[in-house]
Amino acid sequence: MKAAGLLIVILTGGLLIYATADFPPWAYPQSPASTHVSPRYIEKSIEETAVPNVVTAVLADYRGYDTMFETTVIFAAGVACFLLLRIRVEEGPEEQLFRHSLTGMTIRIKDGRKAPSDLEEFERIDAHWVPQDLIIKTVCRILIPFIQLFALYVIAFGHHSPGGGFQGGVILGASVIVLAMSHDLRSSLQRMGEKVNALLCAAGVLIYAGTGALCLAMGENFLDYGILAPLFRCDPVMARSNGIFMVEIGVGIAVMATMIRIYNNVSSAGRYDEGL
Amino acid sequence: MDDREIRNTMRQQRESDESDSLSASLPERGGVPASIVTFFILFSLWIVLSGRFDLFHLTLGVLSCVIVTLFSRDLLFPEPRARGLLGAWIRFVSYVPWLLYQIFLANLHVLYLSFHPRMMELIDPQIVRFQSKLRKDLSLVTFANSITLTPGTITVYVSLDGDFSVHAIDEKSREGLPGEMEDRIARAFGEQ
Amino acid sequence: METLFLFVSLYLCLIMVLSLYRGIFGPTVLDRLIGVNAVGSKTVVLLILIGLIYERVDMFVDIAMAYAMLNFIAVLAASRYFQKRKGLYKEMK
Amino acid sequence: METVTSIKPLLAVLVSLAVTPILVSSRSPNVREAWTFVAAAAKFAIVISMLPVILTGTEIVYTVAEFLPGAAIRFRVDALGMLFAIVSSSLWIVTSAYSIGYMRGLNEHSQTRYFCFFALALSATIGVAFSANLLTLYLFYEMLSFATYPLVTHHQDQEARRSGRKYLFYIVGTSIGLVLPAMVIAYNLSGTLEFSSHGFLTGAGSKPLMSLLLILFIFGFAKAAIMPLHAWLPAAMVAPTPVSALLHAVAVVKVGVFSVVRVLTGVFGIDLLHSLNLGPFIALVASVTILMGSFIALSQNELKRLLAFSTIAQLSYIVLGVGLLSPKGITGGLIHIAMHAFGKITLFFCAGAIFVATGKKNISEMVGIGRRMPITMTAFFVASLSIIGMPPCGGFLSKWYLALGSLEAHQMPILLVLLLSSFLNAAYFMPIVYRAFFCGPQESMFESGVKEAPAFCVVPLVITAAVSIVLLFIPQPFYRLATMMVLKITGA
Amino acid sequence: MDFVVIFFLVCGLVFFTGGAVGILRFPDFYSRLHPAGKLDTMGSLLMMGALSLYNLHHFTLGNMLTSLKIILIVAFVFLSSPTAIHGIVDAGMRAGLGPWTKGDRRR
Amino acid sequence: MIWQLDLAILTLVVVTAVGAIYIKDLLGTAILFGAYSFLMCLLWSIMGAVDVAFTEASVGAGVSTVFFVGAVFRTTRRTKD
Amino acid sequence: MSQHYPVLLVTVPLLSAFLISISGWLNKRLCFPIAVAALASASFFSAGLLSKVIHKNVVLYRLGGWAPPWGIAYRVDYLNGLVLVVVSLVALINLISTYRSVEREFSEKLGAFYTLYVLFVTGLLGITVTGDAFNLYVLLEIASLTGYGLIAMGEEDRAPLASLNYVYMGTIGACFYLLGIGYLYIVTGSLNMADISAILPSLYQSRAVLSAFIICMVGVWLKMAFFPLHAWLPNAYTFAPSAASSLIAPLMTKVMVYVMLRLMLTVFTPDFVFSAIDINRSIVWLAVIAISMGAILALTARNLKKMLTYIIVAEVGYMVGGAWLGNRAGMTGAILHLVNDALMTLCVFLVVGNIVYRMKGHSFEDLRGLFRKMPFTMGAFAIGALSIIGVPPTCGFFSKWYLLWGGIQAGHYAFVAALLFSSLVNVVLFFRIFEIGYYESPTEAHGGGHSQGSIEEAPLSMLVPLYLVAVGLVVVGLYTGAIVNNVIRLAVPPGIV
Amino acid sequence: MTQLLSEILTKYNYWIYITLMMIGLYAMIAKNNLVKKIVGMNIFQTAIILFYVSIGSKKGGTIPIIKHDHGAASHVVHAAEYINPLPHVLMLTAIVVSVATLGVALALAIKIYHRYQSLEEDEILAQIREK
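Listed in order, the protein sequences are those of chains F, B, Y, V, W, U, L and Z. Counting with the numbering used here, you get residues 1 to 276 for the letters of the first sequence. Counting with the numbering used here, you get residues 1 to 192 for the letters of the second sequence. Counting with the numbering used here, you get residues 1 to 93 for the letters of the third sequence. Counting with the numbering used here, you get residues 1 to 492 for the letters of the fourth sequence. Counting with the numbering used here, you get residues 1 to 107 for the letters of the fifth sequence. Counting with the numbering used here, you get residues 1 to 81 for the letters of the sixth sequence. Counting with the numbering used here, you get residues 1 to 497 for the letters of the seventh sequence. Counting with the numbering used here, you get residues 1 to 131 for the letters of the eighth sequence.
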C-alpha cells in the first residue's frame, strides 16, 4: 500500500508539476485570471451592490447561488451527522449516574431501573465526572457574551470588513461550544435544545433560499435582490446590499446551528448526555 | 482530592441555593437589573467594534446586543441584579497597572531563567498549597489568573474554598505567595 | 517602517519554528499543546503586522480577534480531553 | 410491390400477449383454458384474414417504432411470413387442446405459468414470422428464447436445470455472441436492416467479410439446430410433450430456420450468394446436419430424443433447399416448413399420448402398443410417412421439390444426400411402427387396461395426421405462398 | 514616536524569543508552561501595544477605534491566556503527569 | 502578497503537515492540525485573502480542531502509524 | 412562469428539503407528502424544460440576474434536458416505492432521511442543469455528502466503513475536479462553461489545459467508479439501506457520466478531446478492461446486491468507452445508455428493495424459491435483467446497439468483444439468480413455517412503481427512435461524425 | 540554469501546493488509521485552497475591500489595485465543504469505532473477515 501510494503520489505530482510550466508566473497582474472576469467585480461592486467588500458582494450576490448551496452543504452535513450518530438514550445499554447534590454521593443506575423520583435533589452527571473547573468556568462565562457579540458584529459588518455570515456563524457556534465545554453539554442544551437547534438549522437556510424565492415571487430572477427595493424602501442598489445582508443572516443562523449540532453529536457520540 | 471535590460541590450547591433564595425573596433589592448592565457593556463594546455610527448600524448594534443579552444575561452576571458595579470597576482598573508591573517583573525573571546557561540548576519546581482568604468566585479567579501571570508560578488547582495549588518554578517565586497580591485583589473586589 | 515590520514578521516566523519544534517533537501531547498555543499567540501578532504591511490594519484586526478567541477554544478542548480521560499514557502503546 | 398499412400484424402478435394478464389473474382452470382458446382462435382468425391480401401479391406493413433509419420495429407480412404464421397459429389451436388433455392427464403443477408462457412464445413466433427487418426478427427471436425457458424447464428439477442451462447457453449465447455483432456489422455496412427481396448487403463488402457474416448468421440462429450447435434440442426434450410438440417441432426450431432463410434471402439475397459462390457451403453444412442427425436418431431409444434428432435432420432440409439457390429447391424448402410441422407435431403428440396413457418413454418398451392405442399409432404411422417423404403424405411434395431443385442446381451429391436421408428416416421410424402393430400378442408389454389417451389428446393428433395427408392433395395455400416468395426473391 | 514603537517591538520580540527558547529548554511540561504562559502574553502585549501606537500615526476616529480593538485583543489575551495555561496544567495533573523535581532527568 | 513571509510560512506549513501525519498519537495529530490551520490562515492573509483567512481562522483553528478532539475523545487516541 | 423552470427545478426541492427537516421535528407524517410533492414538481419542471428545449433549442437562466461570465447561469440543452427528466423521475418513483421500507428502517429519523434524500436529488438536478463549472462542484459536494449519510445508514455493520471509504474516494474525486477547474481558471480566467470553451481553442497546445483535462477526468472517473478507481462502489452500494441504494445506484454514476460528457462536449469541445490530444483509443482500452473486469468481478459475488454493483462498474465502462469512441454512434450510445442504465438499475434495485423488505437479506441463499414467493417482483426483475443483458425490446438493447455500432465504426473490435462478453456474462449472472429462485426450494429459516408456494408478495405500494419502471423499460426501448431523433441526435455536437 | 531558477522563483507557490497536496494524498492512500486519513483529506483540501488563493494573488494589489470613505463620491476603482476576489469566494465555499465533509467523516469514524473498537483499517478488515 505504501509503495503504491508513493507511486500514485509521484505520478500525480509529476503531472501537476508538468502543468505548472504553462502557468503565468505567480501573482502576475496580467494573468488571465486577473484580467478576464474579476475586474468587473472589483470595479463595479460598489456601483452595483453598494458593498465595499468585494468578496462579500461576489459571494452573496454575483455568485450568491453558490453560497446558497454552500450553506446547504453545511446543513446537509448537520443532518447527516444527526442521522448517523443520534441515538435515543433509552435505546443503548445505559448506566446513568446521579449525584446527590447535598452529600455528593453518587448513585449508579443500571439500565432498566427507574431514575430517582425526586430529581430536584439528584443531578445527572457524566460518567467521567470531573468537578467543573472554577477558573475555566468563570472565565468562559464572562467571555461568552463578548464572543457572541463579536460574532454578531462579524455578521453585520461583512459588507465593510472581512467576515460575514459564515465566519460569524462559526464563531457564534463556537461560543455555545465553549459553553458546553466549560460547563457541560446539558447546560448548553438547556440554552439551546436539540429541537430548537435543528429548527434553526433549517430556518437559516430557509431564510437564504426564501430571499431568493421572494425575488422570484416578485417577478425577477432567483436571488435578483434588486427587485426587493420596494420592500426595503430604497433604491435597487441599496436593495442589493440589504438583500445580501438578509442572506448573510440566514447563513449565520444556519452555520451556527449546524456547528453546534455537529459538535453535540460528535462529542457525545449521539447520546446527548455528556460531551467533551 | 476527592474529598475536596465533595466539599467544593457542597459549597457550590449551598451558594446556588442562597442565590436562588435571594432572588426569590428579595427581587427589589438595590442595584440595576443585570440585563441592562449587560446590554450597556455590550453596546459600548459594539461601538468600539463597529466604528460606524449611522442609524442602520446602530440599530443593528442594538439588536445584536439585545440578542446576546437575552441569550447570555446570566452568564456575565449570575445574579439577576448587579450592585456596586461602578466602584468595583474603578478599583479593579486601579489594580491593573500594579498587576502589569508585577507581570513585567515576573517576565524578566522567567526571561532570565530561560536564557541562563545553567538554567537547570537555578530552577527547582515544586507545587505549593495554601489557603486563600478570598471568597468570591470572581476574585478567586482573578487571583488565580494573576498568579499564573506573575513570577514563576502557575495555578494548578483552585477550589471554591480558596484552596490553591500552585506550581512554582523556583525558590524566589515560592516566597511571594500569597503575598501582596491577595490583599490587593481583596481590596479591588471589596472583600475587605 | 514597512521593512522593519517585514523583518519583525520574519523573525516571528523563526520563533514559530522553535515553538513548532515542541509541537512536533514534544514528548507528550501536552507539550505539543503548549507549542501550538505558543504558535497561536504569535500568529495573532503576525496578523496585525501583516495588516500594517498592507496598510489595512482595520481589516486584519477582526481576524486577529477571532483568532485569539478561537485559539483559546481549541486549547480548551484539548485540555478538556485530559480532564475527562485520565491517563496520559494509558491509551498509547 | 404494393404495400398496405394495417395494424393487423401487430394485433396478431399482441393478441396472445394481451391474454396473459387474464390468464395470470383467472383462478379457475376452465376459464383460463377457455381464454387460451379464444386467443388462439383470434390469432388464427387475424392471420387468416390477411391471407387474401397477401395472395394478391400485396404486402402488409406496420411500423411500431423507428429507432434508427433503416432499423425500425416494423412488421411486414409477405408470403413467407404468412406461410409460417398460418402453420404456427393453426397449430396453436390444436396444441392448446392437446395441452389441456396432457397437463390435466398428468396433473402437472404451475399450469397457469405454462399457459402464459405458451401464449408469449406464440406471440414471439408470429412476431418473427411478420418481422420486416433483422432488428424486429432479432427482437422476437430473443423474446421467444426467454419465453420458452420456463416451458422447457417446467419440471423444475435437476434435469430440467441442466437442460435449461444448455438451452440458454446455446440459444442466447449464439444470438448475443454471433447474431448481434453480425447485425451491427451489417448495419454498419449498408445502413439498413430492412429485408429486401434481393438482399441489402449487395455490394457492401468484400467476400471474406461476407463469408464471415454468413457464418455468424447461420450459426448464430442456433434455434435452427445446424450441426455443431444442435445439442440444445435433445436436451430440451425434458419439457412437457406439448411444449416439445409445438415449440420444438414447430415454433422454436422453425423460427430458427425461418430466420436463416430470411437472412439468406432478405439480407444476402440469392444473387449475392450466387456471385460469392456461398451456396455450396450452405448446402454442405445442411447436408452434414441431415446425415448426422439421421444417423444419431437411429441409435436413440427414447422416443422424444429420436424425434428431436429427426427434427434436427429435417430442419436442415429447409436450409438445404435455400442453399441450393434454385427456385425449385427454395420452393421445396419453404413448403417443407409446413409439411414437416404437421408431420412432426403429430409424432410428438403421439409420443405424449403414449406417455399420458402408459407412462412409457422408451421405444423398447412400446412393443405391441398399436393394439392398445390403434388411433394414436395409426396417426404415428401416417406422420412418419410424411417425414420420410412417402406419398400419400405432404412430406412427399417437399422432398420432391427439393430433389428437383438439386437437379436444377446440378448438385448431384445433394440428391444422394436426400435419398440417403429418406432411407435413414424410414430405418428409424418403420421399426417402431412395425413392432407396435405386428408383434405377437405374447410379446406385447401392455396389459389390457391400457387404452387410448384422453380425447383432448387424441383428437388433436388425429386432426394433424389428417392434415398431413390432405396437404399432399391440396397444398394450395402453402404452395402458392412458397412460389410467390420464390418469385419475389429470385425475380424470375 | 517611532522610536517608542520600535523599542516596544524589540522588547516584545525579546520576550517572544525568551518564550520560545524557554519552551525548548525547560526540563518538563510544567516548567515549560511558565515561559509559554507568561513570556508570550507579555510579548504580545508589548508588540500589540507598539502596533496600536503606530497605528495612531494618522490620527482619525477610525484609526483610534482600530487601536482600541488591538487593545481589546490584548485584554482578551490577558484573560484567556492564563486560563488556557491553567487548563493545560490541570489536564496534566489529572492525566497524572508528575512534575519534574530537581535532579530528575529532562523529559 | 509578501513573498518573503509567504515562503517562510509555506515551509512551516509543509513541516507541520508532515508532522501531523507522522505523529503516532491521534490527539497530537489533532492539535498539530490546529497549528496547520493557524499557519494556513496566516498564509491566506499574506496573500491578501482576508475573508478566506477569517474563515480558516474560525473553522480551522476553532471548530474543526474541536471536532477532531471530540471525535478522538469518543474513539481512541491509539494509532499504529 | 415557465422561464423560471430551470431554477424552480432545483429550488423547489431545495426549499422542501428544509421544510421536511422542520416537519421532521414538528409532525413526522408530513415529511413524505412534502417530499413527494417536491419531486413531483421537479419532474414536472424537468419535463417542461425538456419540451421547451425540444421546441426552442437552448434555455438559459441567469441567477441573480447577472450575465453569465460574471454570474452563475443555468443552461439547459438537449443533453441535460434529457438527464434532468431521468433523474427527477427515477428519484420520484423510488421515493414512492420505498415509502414502506423507509418507514420501517427510519421510523425515528424520518425527517432527516427525507431531507437528505431530497437534497441528494437537488444536488443531482443542480449538477445537471448548471452551466457553471464551479457551481457544479458545490452541487456535487451536496450530492456526495448526502450520499455518504444515506449510505452509512445501512443496517449492516459494514455500512459506515464502506461509506467512509466512499468519503475518502469521493473527496479525492471532487477535489481533483476542483483542481482541474482551477487549472482551467488560471489559464482562461473564467468559470462559465460556455465562456471557457470559447477561450480554450487558442490554448489547446497548453500543458495546463491538457493536465486540467486529465485531472478533471480522473476526478470524475473516481466519482463514477470507472474501473481501476471503482474500489469504493461495491461495498458502499451493497451495504446501503435499500431505499438509498436504489436511489444512489441508478443516479450517482449516471450523473457523473453526464458530467464527463459535459466536460468533453461543452467545456473541452470534441476538437480538443478527439483531435488535439490523442488518447481516446487508450481510454477505450481502459473501458474494455473496465467492462471485462466488472463482469468478472460480478461473477465472483455471492450476494445479489453486490453482483449488481459490479454490473454497474461494467456499465460505467460501457458509457465511458462509448463516449470515447469518438464517433456519433458511440456518443449517442453513451448518452442513451446513460438514460437506460438509470432505469434498468432502478428496476433491479427496486426489486432488491422488495426482496429485502420481505426476506431481510439479499445473499443468494435468501433468494431460494423466490419465484414462488414473490412471482410479480421476480417478473419485474426478469424484465430488468433482460434489459441489462440487452434483449430487445427493452431499452438496454438499443443503447448497446449504438455502442456496438460505434465500436465497429471506430474499428475498435476489442470494445465490441468486451460488450458482447459482458452481455454473455450478464446472461450467466442473471440466470444463476433465476435458477436459484426457480429451482431451489426456500429454506425454512426464512419461510417462517409457511408451506411452499404460499405467496408473500411485496405490498402493492412497492409493486406498482416497480412495474411502472419495468414497463417503462420496454416503452423507452420502443421509443428509442424518438428519443434519439428528437434529443440525443441534437445533443451530440455536429463536430462528431 | 538561470531559467530554471527563475522558473522556481516565479512558481514556487504552485510547487509547494503540489507538495502539500501529495502529502495529503499519500496520507489518504498509505495510512492505516481512519482518522489519519481524514487529516490527510483535510490537508489535501487545503492544498487546493492554497492553489486557488495563489491564483488570486496579484503583485501590487491590496486586499479586495474597496477603500472608500463614508458616503464620499465614489472614485474610480482600478482593478489592478486589488487582488482578484473570485478565487477567494470560491475557496470560502471549499473551506465550508471541507468542514462539512470533516464533520460527516468524523461521525462515520465514531460509528465505526463503536462497532469494531478500533480505528485501524487492517484490524477492522480482519474482524470483518473473521465473521
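Since the hints were derived computationally from the structure, they do not count as laboratory data. Any given hint might turn out to be false.
Below, a list of computed lysine-lysine pairs in the BS3-like style, where the Cα atoms sit at most 27 Å apart [to be verified]:
1) K136/B to K137/F
2) K109/L to K195/F
3) K84/Y to K80/U
4) K360/L to K28/L
5) K207/V to K488/V
6) K195/F to K28/L
7) K137/F to K84/Y
A quick look at each hint next to the structure:
no., hint, in the structure
1, K136/B to K137/F, "holds (14 Å)"
2, K109/L to K195/F, "holds (13 Å)"
3, K84/Y to K80/U, "holds (23 Å)"
4, K360/L to K28/L, "holds (25 Å)"
5, K207/V to K488/V, "holds (25 Å)"
6, K195/F to K28/L, "holds (13 Å)"
7, K137/F to K84/Y, "holds (15 Å)"
Comparing the model with each earlier hint shows no violations; every hint is respected.
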